[in-house]
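Start from chain A and add chain B according to the hints.
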Amino acid sequence: MSHLTMDTLVGLREPGNEPGQSAAREHLNGCPYCQAELERLHQRVARLKALPALRPGRDRWPETMARFNAERRQRRNRTISLTGLATAASLAAVLSLGHMNNLNVTRPQEMTAEQLSQVMERSQVLESALNDYNPDGRVLDGRTARIAGELEDRIARLDQQLEMTELQRQQASDQDLLRLWRERVGLLDALVDVHVTRASNAGL
Amino acid sequence: MTVIPNAVRGLPPCLPLTIRIVFSLCNRQADSRILNSTMARTLLMDSSLLANAETVVSRARAGDTEALGELFRAFEVPVYNLARRICRTTEDAEDVLQETFFEVCRSIKRYREEGSLWGWIRTIAASKALMRLRRNKYRDTDELHDEVVGNRREDTPLRMDLEAALERLSETSRAVVWLHDVEGYTHEEIAEMMGKTPSFSKSQLSRAHARLRSWLGEEMIP
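Chains as they are written, first to last, in our numbering: chain A, 1 to 204; chain B, 1 to 222.
The following block holds chain B by itself, in its conformation from the complex:
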């Protein structure tokens, strides 16, 4: 059986596939206490997206707008990707992108360099996306809607069956799947961001996987 290596948690798809595969192989083989920690992975993200992150952050703290622009350029795609996976429309995702970096500009002085920069920005982005989700109050249903499935997102490649299945999930389930399985948040963290319980996050995740499995043409477990 061909095994697809698990990509590193917290490593967004904007990185080249080779880098993701190297990281994922490291994740399987190296000392798990070092590489498996979320902080280590997000720190890897910082250095891969922004070579001189520390310098840029100190310049941004001093009010240098060029440095803020560099932060935006470095993290624009992972933030948008996260927002787009959670929000229904491209407009909403772009608004989340703008709100996230507006918050980054305002709060960069309060950012403590104890954790990773990407971890900090990602949490802002996830909160903004979930807030938008709540604000829009989309109908939360797992049923197939013609208007949704008939019109594939304009920024989604056609070949991706998984994309369509992911899109068919309810807003909440999709957010939980993405935040847990791709971004690497724990159920406790997701619950806190969503204002729900960890059990809610767990049940959303397993329901979502059962549905994905079924929609991707695999038989259900008896």
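This is chain A alone, in the form it adopts within the complex:
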């Protein structure tokens, strides 16, 4: 009498009914040897599942987070550069259209456009200063790292808002955009301060 092979026994544990399984089950019902073999297989799998969990020897979260922050910063720089270009282009288009059509561009609109351009320029200068400082390549103490991390988070959230506002440009006013950009510059200023203050305190 031939017993069930390991292939068949393993197949019997699968859900569903594959070809040949009916015959195998029929054999199994009448064969104590194969029943014991299948039970052994079940128990082996249960023992595998019961193996103790292996734990990492060291904490990999700080490295993971640092890598993620670095990538997020690079992405943000790219996005903001593109957003800045798009905003500048759209403002220029609005102003030139107004001129071509001999429309009276009101004074406050011009003021806002000019202010927006200045704020965006300031933002780029601060971004550039931050990149030159290369915060990813430096070691921060816990408190400074926490403050810098919070500022980075707030800037990231603000960037999301800016992206959304840019997308809904028809509904959003330039004043909204100006307010967000000003807020961004304020946060970037604070972030540069945190790094520079820390560097001067540490004599770096």
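Source of the hints: derived by calculation from the structure; they are not laboratory data.
Yeah, the Cβ is synthetic: ideal placement off N, Cα and C, and Gly gets one too.
Straight-line Cα separation of at most 20 Å, EDC-like style, residue types lysine to aspartate or glutamate; simulated pairs:
| id | chain 1 | residue 1 | chain 2 | residue 2 |
| --- | --- | --- | --- | --- |
| 1 | B | Lys109 | B | Glu66 |
| 2 | B | Lys109 | A | Asp153 |
| 3 | B | Lys202 | A | Glu14 |
Covered by chain B, per the in silico footprint, the following chain A stretches (three or more residues, Cβ under 8 Å):
| id | segment |
| --- | --- |
| 4 | 2-16 |
| 5 | 37-45 |
| 6 | 50-64 |
| 7 | 154-163 |
Chain B is nowhere near these chain A residues, computed Cβ spacing over 10 Å in every case:
| id | residue |
| --- | --- |
| 8 | Thr112 |
| 9 | Ala113 |
| 10 | Gln115 |
| 11 | Glu121 |
| 12 | Arg122 |
| 13 | Gln124 |
| 14 | Thr144 |
| 15 | Leu178 |
| 16 | Val194 |
Using the frame of chain A, we list chain B on its own:
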């Protein structure tokens, strides 16, 4: 004959034994259409590892780094355990852990809450571990190597004979055994992750069980 209850598929060993046994008893006794589904089991995992998973995920999506840290802490051990069972060294497994959570941080906004969080993270981890396996191109052999068996893993308890037998399997066989029997993936899912066919996964599994059976001191089926 003493019957060890089958632990629930997809329930990693990092959970306390009592919880695993309760789940496994439920698995045998309760309505199989509910508890036997992979999604139900991995959803149980979410709530057991991270009580307020939904809130943490929404915070993480909004860019909250503390929430990302909470996700890491909650799933760090099951991810490492999965990676360690597939990869040969602790260094590789730690790298997989880092790569997995880097991907989680990047992609959390794309995570749809249709399935379980653990199911999603686990698939990322399994893919990263299998990628590492392919990249390292370890010699794929079932033969016993002195350098492997002589040096037991530093994070492996000494009393585990099954650990040593599992380690003696080829990289591919071990990955298939772990993903199928412990993590609960189907042969089709394993085949897709490995870039092979379901038949390949099935044959690897039965060969691995035949070897484990033999190495654990049981006689082969005639």
